[in-house]
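> Residues in the sequence shown are numbered consecutively from 13, following this note's numbering.
Hints were generated in silico from the structure; no laboratory data involved.
It is possible that some hints are incorrect.
[What the hints assert, rightly or not] Okay, the calculated beta carbon distance ranges per label pair:
id : residue 1 : residue 2 : range
1  : Arg-252   : Glu-309   : 26 to 32 Å
2  : Arg-125   : Arg-252   : 47 to 53 Å
3  : Asp-269   : Glu-159   : 31 to 37 Å
4  : Ala-223   : Ala-81    : 50 to 56 Å
5  : Ser-315   : Gln-136   : 48 to 54 Å
6  : Glu-76    : Ala-300   : 44 to 50 Å
7  : Ser-65    : Arg-234   : 18 to 24 Å
8  : Arg-104   : Asp-269   : 52 to 58 Å
[As the list claims (entries may be wrong)] Here are the simulated DSS-like pairs of lysine-lysine, each with C-alpha atoms no more than 25 Å apart in a straight line:
id : residue 1 : residue 2
9  : Lys-311   : Lys-321
10 : Lys-51    : Lys-115
11 : Lys-321   : Lys-115
12 : Lys-15    : Lys-121
13 : Lys-311   : Lys-121
14 : Lys-311   : Lys-115
These numbers were taken from a predicted model, which means no experiment stands behind them.
Built from N, CA and C at the ideal position, the CB exists for glycine as well.
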Amino acid sequence: MTKRVLLARPRGYCAGVDRAVATVEKALEAHGAPVYVRKQIVHNRHVVDTLESRGVVFVDDTDEVPAGAIVVFSAHGVSPAVHEQAAARGLRTIDATCPLVTKVHQEVKRFARDGYDILLIGHQGHEEVEGTAGEAPQHVQLVDGPEAVDSVAVRDPSRVVWLSQTTLSVDETLHTVARLRQRFPELADPPSDDICYATQNRQVAVKAMAAECDLVLVVGSRNSSNSVRLVEVALDAGARSAHLVDYPQEIDPRWLDGVQTVGLSSGASVPELLVQQILDYLAGRGFAEVQEIVTAEEKLVFSLPRELKRSFGGVSSARPSLDAQPQQPDGERETGGNRHGGKSIDQRGANGERGGD
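Make the full structure from the sequences, and use the hints.
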């Protein structure tokens, strides 16, 4: 049997990450180094290391930024208190919060104004959760998975709503919501699912191929919630084994013993060049046939933050330069299909395109 790779699509950069990384690059272009970024702009080691090499300084909080300097807020969002602290120190801020995270912030403010208890499904300590909860801390309770449901207490069971961190496992979130609804039958739903389109799409693509895979490799960093979830999704969907790696050198050769089919995907903060490096590694070990599993097409693009649009004439977010594709050999051209030469297996359903979710 031929050794093969099933390559998930969609994978890698989402529109929010594209925008955040491009924001930092444009800030460097407009203002020069150093540009300060509160926390990691996105949760990916390669992206952070590359930007640091260009003069970006990552800090844990705004009090580490020199007065009057430029600071970028990461894609995960920040609380109003952080905005106030930055303003008090005269910092020039650029907000790279993903617009889909901003949507959740707006929902928190609206439900808090209406007197709801807000049950925020998410992971303790995650930057997105901290920023979202900070919009209305007196109204928000964190629910860190189904096992936390029994400890939830609300003021009025008829005025309770759930919201969620955007990068969670869809299945785990629905399980948590079901448990919450058992306790609070009048639990209100948000206007739309808070799990972002990219998180959902990457999980669906992994599910579509996992049962055929002896091994699934997910390219992503360990502090990336959505990347970690992809490993869990692969195992739950029938993969015999699954591992998270940043680079090819992290692959244990023993993982490939007896393996005929490797599934490959990447988290929403992972540049495509890292996926290419894994494909090259696998090709060198006999996995030359690559088939794409296509479950959706993503076309969503977010414009740059308004603070940068003034400097760059309102241009939309472009693909960041650190995601440039590796040089292809002479005579090989990238087409709309699989540029590795394998066939593209299109498994999209009627609702395959989710770009505007």
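> If you check the beta carbons of Asp-269 and Glu-159, does the distance land in 31 to 37 Å?
holds, 35 Å
> Holds or violated: the 48 to 54 Å window for the beta-carbon distance between Ser-315 and Gln-136?
violated, 33 Å
> Is the hinted range of 26 to 32 Å satisfied by the C-beta distance from Arg-252 to Glu-309?
holds, 29 Å
> Is it true that Ser-65 and Arg-234 lie within 18 to 24 Å of each other by Cβ?
Holds: the Cβ-Cβ distance is about 21 Å, inside 18 to 24 Å.
> Check the hint pairing Lys-311 with Lys-121 against an upper bound of 25 Å on the C-alpha distance.
Not satisfied, since the Cα-Cα distance of roughly 29 Å exceeds 25 Å.
> Holds or violated: Lys-51 with Lys-115, Cα cutoff 25 Å?
holds, 21 Å
> State, for the Cβ atoms of Glu-76 and Ala-300, whether the hinted interval 44 to 50 Å holds or is violated.
holds, 48 Å
> Tell me if the straight-line CA distance from Lys-321 to Lys-115 falls inside 25 Å.
Holds, at roughly 20 Å.
> Next pair to validate is Lys-311 with Lys-321; report whether the Cα-Cα distance is within 25 Å.
With a Cα-Cα distance of about 21 Å, the restraint between Lys-311 and Lys-321 holds, given a limit of 25 Å.
> Does Lys-15 pair with Lys-121 here, judged by a C-alpha cut-off of 25 Å?
The hint is violated at about 52 Å.
> Quickly compare the C-alpha distance for Lys-311 and Lys-115 to 25 Å and report which way the hint goes.
holds, 19 Å
> Taking the Cβ atom of Arg-104 and the Cβ atom of Asp-269, is their distance within the range 52 to 58 Å?
Holds, since Arg-104 and Asp-269 (Cβ atoms, about 54 Å apart) stay within the stated range.
Checked against the numbered hints above, the structure violates hints 5, 12 and 13; every other hint is satisfied.
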